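Colleague: Place chain B on chain A using the hints.
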Amino acid sequence: GNSVTQMEGPVTLSEEAFLTINCTYTATGYPSLFWYVQYPGEGLQLLLKATKADDKGSNKGFEATYRKETTSFHLEKGSVQVSDSAVYFCALTLDTGRRALTFGSGTRLQVQP
Amino acid sequence: DAGVTQSPTHLIKTRGQQVTLRCSPKSGHDTVSWYQQALGQGPQFIFQYYEEEERQRGNFPDRFSGHQFPNYSSELNVNALLLGDSALYLCASRPTSAYTQYFGPGTRLTVL
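Listed in order, the protein sequences are those of chains A and B.
The first sequence runs 1 to 113 under this note's numbering.
The second sequence runs 1001 to 1112 under this note's numbering.
Wrong hints could be hidden among the right ones.
[As the list claims (entries may be wrong)] A few chain A residues that face chain B, going by a derived Cβ cut-off under 8 Å, partial list only: (1) Ser32; (2) Phe103; (3) Gly106.
Think of the hints as simulated: they come from the structure by calculation, not from any bench.
Since this is a predicted model, take the numbers as computed values, not measurements.
Where is the CB? At the ideal position from N, CA and C, for every residue including glycine.
Extracted from the complex, chain A is given alone in its bound form:
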């Protein structure tokens, strides 16, 4: 079956630190990969996406590269801000999205001033 594994949190960083949140996946086929962010008390917001191997998704200073050889889609940001504090979810879907999203368990990021 399809699955997504994320590093456990919480991840606690100081402002302006470098962020990496690891995500690996197992899929039957060639998935599209996503990072969603959930701020306290809110629903999910799409952060970035990549649809094929070696694609790099980027948004708001966050980046992730689709690595087929390592089945990974790690999220990175060079300098985090307090406002980045949230829960980050890695997810995949197959067959151009006709199938459901499969999510990881989420990683909570806490950025301290």
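Modeller: This is chain B only, laid out in the frame that chain A set:
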């Protein structure tokens, strides 16, 4: 352009009761999916509706049912509520030709 909207925001029910949650998709989106997010967990897929029919279903019992209306809005119904049904219920929509789903703010259901 309004995004995905859901109602109500919060709901408290007791075991054995029935509940209906509502979702209006983003403009131009005709495919609606529902997800259950338990506290501290990632969302789990319940089912997906397109052209007023259930097209795909996750690993949820028949107590969970849904409906899609001609205007693409959708309802999620849960019968015989259990304590374990307490969760945030998320609605997501997309155009059927696209793969990116857009989520609503969710409905927080508490079962006592």
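Colleague: Look at each hint and say if it fits the structure.
Modeller: Verification of the supplied hints:
A cut of 8 Å between beta carbons decides the hint on A/Ser32: the least distance to chain B is about 6 Å, and the hint holds. Interface hint at A/Phe103: satisfied, since its Cβ lies 3 Å from the closest Cβ of chain B, which is below the 8 Å cut-off. Among the interface hints, the one on A/Gly106 holds; its C-beta lies about 5 Å from the nearest C-beta in chain B, closer than the 8 Å criterion.
Of the hints listed earlier, there is not a single one the structure fails to meet.
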